[in-house]
Amino acid sequence: MKDAIKRKLLLPLDIQMFADDDDNPNPNPEVKQEPEVKTVTMTQEELDALIGREKGRVKSKYSDYDELKTKLADYVKQAEEKQRAEMTELERLQKDLEAKGEVEQTLAKQLEEMQAQIKHEKIRNEFIKVATSNQIAYLDDAFSLADLSAVTIGDDGKVVGMDEAIKTLVDNKPYLVAKKQIKQIGEPSNGTHERVDKTAEQLLQEAAEKARKSGRNEDRAAYAKLKRELGL
1 MKDAIKRKLL LPLDIQMFAD DDDNPNPNPE VKQEPEVKTV TMTQEELDAL
51 IGREKGRVKS KYSDYDELKT KLADYVKQAE EKQRAEMTEL ERLQKDLEAK
101 GEVEQTLAKQ LEEMQAQIKH EKIRNEFIKV ATSNQIAYLD DAFSLADLSA
151 VTIGDDGKVV GMDEAIKTLV DNKPYLVAKK QIKQIGEPSN GTHERVDKTA
201 EQLLQEAAEK ARKSGRNEDR AAYAKLKREL GL
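Residue numbering for the sequence shown follows full-length UniProt numbering, starting at 1 and increasing by one per position.
In short, the hints are calculated from the structure, not lab data. We put the beta carbon where it would ideally sit given N, CA and C, even for glycine. Don't take every hint at face value.
Distance ranges between label pairs, derived from CB positions [what the hints assert, rightly or not]: (1) 129 to 91: 33 to 41 Å; (2) 86 to 110: 34 to 42 Å; (3) 156 to 99: 36 to 44 Å.
List of simulated lysine-lysine pairs, DSSO-like, C-alpha gap at most 27 Å [to be verified]: (4) 158 to 129; (5) 173 to 227; (6) 213 to 225; (7) 173 to 122; (8) 119 to 167; (9) 71 to 82; (10) 167 to 227; (11) 227 to 213; (12) 210 to 225; (13) 109 to 119; (14) 167 to 77; (15) 167 to 129; (16) 77 to 95; (17) 82 to 69; (18) 71 to 119; (19) 122 to 109; (20) 119 to 173.
Using the sequences plus the hints, can you model the full thing?
What follows is the structure, given as C-alpha coordinates:
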(Lines of atoms letter the chains of each structure in order from A and count residues from 1; the text may use other names and numbers.)
(Lines give C-alpha, C1' and ligand atoms only; values in the text may rest on other atoms or scores of the structure.)
Protein backbone atom coordinates (compact mmCIF):
# COMPACT_ATOMS: atom_id res chain seq x y z
CA MET A 1 0.00 0.00 0.00
CA LYS A 2 2.79 2.40 0.88
CA ASP A 3 4.69 1.44 -2.27
CA ALA A 4 1.61 2.25 -4.37
CA ILE A 5 1.20 5.68 -2.76
CA LYS A 6 4.91 6.32 -3.27
CA ARG A 7 4.70 5.49 -6.94
CA LYS A 8 1.74 7.88 -7.43
CA LEU A 9 3.66 10.77 -5.86
CA LEU A 10 6.61 10.37 -8.19
CA LEU A 11 6.25 12.89 -11.09
CA PRO A 12 8.36 13.18 -14.26
CA LEU A 13 10.84 16.03 -14.09
CA ASP A 14 12.47 17.84 -17.05
CA ILE A 15 16.07 18.21 -15.89
CA GLN A 16 17.04 20.27 -18.96
CA MET A 17 14.60 23.00 -17.95
CA PHE A 18 16.53 23.57 -14.75
CA ALA A 19 19.95 23.40 -16.37
CA ASP A 20 22.05 26.56 -16.21
CA ASP A 21 22.72 28.58 -19.34
CA ASP A 22 26.16 28.36 -20.88
CA ASP A 23 28.24 30.84 -18.92
CA ASN A 24 31.11 30.75 -21.44
CA PRO A 25 29.80 31.56 -24.94
CA ASN A 26 32.29 31.78 -27.83
CA PRO A 27 33.66 35.36 -27.69
CA ASN A 28 34.69 35.19 -31.40
CA PRO A 29 31.81 33.68 -33.39
CA GLU A 30 32.59 32.71 -36.99
CA VAL A 31 31.35 35.23 -39.55
CA LYS A 32 30.37 33.78 -42.98
CA GLN A 33 32.04 35.47 -45.92
CA GLU A 34 29.75 36.53 -48.80
CA PRO A 35 31.14 35.60 -52.27
CA GLU A 36 32.66 38.51 -54.06
CA VAL A 37 30.73 39.53 -57.19
CA LYS A 38 33.05 40.15 -60.11
CA THR A 39 32.01 42.62 -62.78
CA VAL A 40 33.28 42.08 -66.30
CA THR A 41 33.46 45.08 -68.53
CA MET A 42 34.18 44.99 -72.24
CA THR A 43 33.78 47.24 -75.23
CA GLN A 44 31.27 46.70 -78.02
CA GLU A 45 34.05 45.48 -80.29
CA GLU A 46 35.10 42.88 -77.73
CA LEU A 47 31.48 41.76 -77.31
CA ASP A 48 31.04 41.42 -81.08
CA ALA A 49 34.26 39.45 -81.30
CA LEU A 50 33.07 37.09 -78.54
CA ILE A 51 29.75 36.53 -80.28
CA GLY A 52 31.56 35.89 -83.57
CA ARG A 53 33.77 33.27 -81.95
CA GLU A 54 30.72 31.51 -80.49
CA LYS A 55 28.98 31.49 -83.85
CA GLY A 56 32.07 30.08 -85.49
CA ARG A 57 32.32 27.37 -82.87
CA VAL A 58 28.68 26.32 -83.39
CA LYS A 59 29.05 26.41 -87.18
CA SER A 60 32.17 24.30 -87.00
CA LYS A 61 30.40 21.84 -84.73
CA TYR A 62 27.63 21.16 -87.29
CA SER A 63 29.60 21.67 -90.49
CA ASP A 64 29.92 17.93 -91.00
CA TYR A 65 26.14 17.28 -90.73
CA ASP A 66 25.58 16.81 -94.49
CA GLU A 67 28.57 14.57 -94.74
CA LEU A 68 27.31 12.44 -91.85
CA LYS A 69 23.88 12.27 -93.46
CA THR A 70 25.38 11.00 -96.72
CA LYS A 71 27.47 8.45 -94.87
CA LEU A 72 24.37 7.24 -93.02
CA ALA A 73 22.48 6.75 -96.29
CA ASP A 74 25.41 4.78 -97.71
CA TYR A 75 25.54 2.68 -94.58
CA VAL A 76 21.83 1.83 -94.81
CA LYS A 77 22.22 0.87 -98.46
CA GLN A 78 25.19 -1.34 -97.69
CA ALA A 79 23.29 -2.95 -94.82
CA GLU A 80 20.38 -3.79 -97.14
CA GLU A 81 22.73 -5.26 -99.74
CA LYS A 82 24.42 -7.29 -97.05
CA GLN A 83 21.07 -8.55 -95.79
CA ARG A 84 20.12 -9.53 -99.33
CA ALA A 85 23.40 -11.39 -99.75
CA GLU A 86 22.88 -13.23 -96.47
CA MET A 87 19.36 -14.36 -97.39
CA THR A 88 18.93 -18.04 -98.06
CA GLU A 89 18.06 -19.27 -101.53
CA LEU A 90 14.53 -20.04 -100.33
CA GLU A 91 14.03 -16.52 -99.03
CA ARG A 92 15.20 -15.01 -102.32
CA LEU A 93 12.89 -17.34 -104.23
CA GLN A 94 9.93 -16.36 -102.04
CA LYS A 95 10.65 -12.68 -102.59
CA ASP A 96 10.85 -13.17 -106.35
CA LEU A 97 7.59 -15.13 -106.34
CA GLU A 98 5.84 -12.31 -104.47
CA ALA A 99 6.92 -9.83 -107.14
CA LYS A 100 5.83 -12.25 -109.88
CA GLY A 101 2.45 -12.70 -108.18
CA GLU A 102 1.80 -8.96 -108.26
CA VAL A 103 2.53 -8.87 -112.00
CA GLU A 104 0.22 -11.84 -112.61
CA GLN A 105 -2.59 -10.16 -110.68
CA THR A 106 -2.24 -7.03 -112.80
CA LEU A 107 -2.29 -9.04 -116.03
CA ALA A 108 -5.30 -11.06 -114.84
CA LYS A 109 -7.22 -7.87 -114.11
CA GLN A 110 -6.42 -6.45 -117.54
CA LEU A 111 -7.49 -9.71 -119.20
CA GLU A 112 -10.77 -9.70 -117.29
CA GLU A 113 -11.50 -6.14 -118.42
CA MET A 114 -10.76 -7.05 -122.05
CA GLN A 115 -13.06 -10.08 -121.87
CA ALA A 116 -15.86 -7.94 -120.42
CA GLN A 117 -15.44 -5.40 -123.23
CA ILE A 118 -15.54 -8.13 -125.89
CA LYS A 119 -18.68 -9.60 -124.32
CA HIS A 120 -20.36 -6.18 -124.27
CA GLU A 121 -19.57 -5.57 -127.94
CA LYS A 122 -20.85 -9.03 -128.96
CA ILE A 123 -24.12 -8.52 -127.09
CA ARG A 124 -24.62 -5.04 -128.55
CA ASN A 125 -23.95 -6.22 -132.11
CA GLU A 126 -26.41 -9.08 -131.68
CA PHE A 127 -28.97 -6.67 -130.21
CA ILE A 128 -28.70 -4.37 -133.23
CA LYS A 129 -29.09 -7.34 -135.57
CA VAL A 130 -32.19 -8.79 -133.85
CA ALA A 131 -33.74 -5.38 -133.09
CA THR A 132 -33.45 -4.29 -136.72
CA SER A 133 -35.14 -7.48 -137.89
CA ASN A 134 -38.00 -6.69 -135.48
CA GLN A 135 -38.46 -3.17 -136.93
CA ILE A 136 -37.21 -1.38 -133.81
CA ALA A 137 -36.51 2.17 -134.92
CA TYR A 138 -34.68 3.80 -132.03
CA LEU A 139 -31.74 1.49 -131.42
CA ASP A 140 -29.84 3.59 -128.89
CA ASP A 141 -32.94 4.21 -126.79
CA ALA A 142 -33.99 0.58 -127.14
CA PHE A 143 -30.58 -0.72 -126.05
CA SER A 144 -30.60 1.42 -122.91
CA LEU A 145 -34.16 0.30 -122.07
CA ALA A 146 -33.72 -3.41 -122.80
CA ASP A 147 -33.26 -5.90 -119.97
CA LEU A 148 -30.24 -7.91 -121.08
CA SER A 149 -29.45 -9.51 -117.72
CA ALA A 150 -30.43 -12.96 -119.05
CA VAL A 151 -28.40 -12.63 -122.25
CA THR A 152 -25.16 -14.62 -122.13
CA ILE A 153 -22.32 -15.86 -124.34
CA GLY A 154 -22.34 -19.61 -124.98
CA ASP A 155 -19.35 -21.93 -125.02
CA ASP A 156 -19.33 -21.66 -128.80
CA GLY A 157 -19.02 -17.85 -128.57
CA LYS A 158 -22.57 -17.17 -129.76
CA VAL A 159 -25.03 -14.86 -128.00
CA VAL A 160 -27.86 -16.68 -126.23
CA GLY A 161 -31.22 -15.25 -125.14
CA MET A 162 -31.38 -12.13 -127.33
CA ASP A 163 -34.63 -13.10 -129.09
CA GLU A 164 -36.48 -13.36 -125.78
CA ALA A 165 -35.04 -10.04 -124.60
CA ILE A 166 -36.18 -8.25 -127.80
CA LYS A 167 -39.66 -9.80 -127.57
CA THR A 168 -40.04 -8.59 -123.98
CA LEU A 169 -38.83 -5.13 -124.99
CA VAL A 170 -41.34 -4.86 -127.84
CA ASP A 171 -44.18 -5.99 -125.57
CA ASN A 172 -43.31 -3.43 -122.89
CA LYS A 173 -42.22 -0.56 -125.18
CA PRO A 174 -44.25 -0.84 -128.40
CA TYR A 175 -43.53 2.77 -129.36
CA LEU A 176 -39.96 1.72 -130.18
CA VAL A 177 -41.22 -0.23 -133.19
CA ALA A 178 -41.41 1.74 -136.45
CA LYS A 179 -44.89 2.17 -137.88
CA LYS A 180 -45.39 1.06 -141.47
CA GLN A 181 -46.76 3.79 -143.71
CA ILE A 182 -48.94 3.24 -146.73
CA LYS A 183 -47.11 4.18 -149.90
CA GLN A 184 -48.68 7.26 -151.42
CA ILE A 185 -49.28 7.65 -155.13
CA GLY A 186 -46.29 9.29 -156.71
CA GLU A 187 -43.95 8.43 -153.85
CA PRO A 188 -40.59 7.08 -155.05
CA SER A 189 -40.43 3.31 -154.78
CA ASN A 190 -36.90 3.48 -153.40
CA GLY A 191 -37.67 6.12 -150.76
CA THR A 192 -36.37 5.59 -147.26
CA HIS A 193 -38.48 5.56 -144.11
CA GLU A 194 -37.68 8.92 -142.56
CA ARG A 195 -39.36 8.06 -139.26
CA VAL A 196 -36.89 5.27 -138.55
CA ASP A 197 -34.02 7.73 -138.38
CA LYS A 198 -35.71 10.13 -135.94
CA THR A 199 -35.95 9.95 -132.18
CA ALA A 200 -39.23 9.82 -130.28
CA GLU A 201 -38.79 13.42 -129.16
CA GLN A 202 -38.23 14.61 -132.74
CA LEU A 203 -41.34 12.83 -134.03
CA LEU A 204 -43.46 14.23 -131.23
CA GLN A 205 -42.11 17.74 -131.81
CA GLU A 206 -42.90 17.55 -135.53
CA ALA A 207 -46.44 16.35 -134.83
CA ALA A 208 -46.97 19.18 -132.35
CA GLU A 209 -45.65 21.75 -134.85
CA LYS A 210 -47.91 20.40 -137.57
CA ALA A 211 -51.00 20.53 -135.31
CA ARG A 212 -50.14 24.07 -134.25
CA LYS A 213 -49.72 25.36 -137.80
CA SER A 214 -52.74 23.65 -139.34
CA GLY A 215 -55.09 23.91 -136.38
CA ARG A 216 -56.93 20.84 -137.69
CA ASN A 217 -58.53 18.46 -135.21
CA GLU A 218 -57.11 15.50 -137.12
CA ASP A 219 -53.55 16.73 -136.59
CA ARG A 220 -54.20 17.41 -132.92
CA ALA A 221 -55.64 13.92 -132.48
CA ALA A 222 -52.62 12.45 -134.28
CA TYR A 223 -50.30 14.34 -131.93
CA ALA A 224 -52.16 13.07 -128.84
CA LYS A 225 -52.13 9.50 -130.15
CA LEU A 226 -48.41 9.63 -130.92
CA LYS A 227 -47.67 11.00 -127.47
CA ARG A 228 -49.54 8.07 -125.90
CA GLU A 229 -47.72 5.56 -128.07
CA LEU A 230 -44.33 7.00 -127.23
CA GLY A 231 -45.16 7.10 -123.54
CA LEU A 232 -44.01 10.70 -123.22
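> Within a Cα-Cα threshold of 27 Å, do residue 158 and residue 129 meet the stated pairing?
Replying inline: 13 Å, holds
> Is residue 167 within 27 Å of residue 227, Cα to Cα?
Replying inline: Roughly 22 Å between the alpha carbons, so the hint for residue 167 and residue 227 holds.
> Do the alpha carbons of residue 173 and residue 122 lie within 27 Å of each other, as the hint requires?
Replying inline: Holds, at roughly 23 Å.
> Is the straight-line distance between the alpha-carbon of residue 167 and that of residue 129 27 Å or less?
Replying inline: With Cα atoms ~13 Å apart, residue 167 and residue 129 stay inside 27 Å; holds.
>> Does residue 225 sit within 27 Å of residue 210, going by the straight-line distance between their CA atoms?
In response: 14 Å, holds
> Hey, residue 167 versus residue 77, does the alpha-carbon distance stay inside 27 Å?
Replying inline: Violated - the C-alpha atoms of residue 77 and residue 167 are around 69 Å apart, more than 27 Å.
>> Just to be sure I understand the hint, the distance between the Cβ atoms of residue 156 and residue 99 should be within 36 to 44 Å; is that true here?
In response: 39 Å, holds
>> Next pair to validate is residue 77 with residue 95; report whether the Cα-Cα distance is within 27 Å.
In response: Since the Cα atoms of residue 77 and residue 95 sit roughly 18 Å apart, the hinted pair holds (cutoff 27 Å).
> Given the hint that residue 71 pairs with residue 82, does the C-alpha gap stay at or below 27 Å?
Replying inline: 16 Å, holds
>> Need the status of pair residue 119, residue 167: alpha-carbon distance at most 27 Å?
In response: 21 Å, holds
>> Run the distance test for residue 82 versus residue 69: straight-line Cα separation, threshold 27 Å.
In response: Holds, at roughly 20 Å.
> CB of residue 86 to CB of residue 110, is that within 34 to 42 Å?
Replying inline: 37 Å, holds
Hints 1, 14 and 18 from the earlier list are contradicted by this structure; the remaining hints agree with it.
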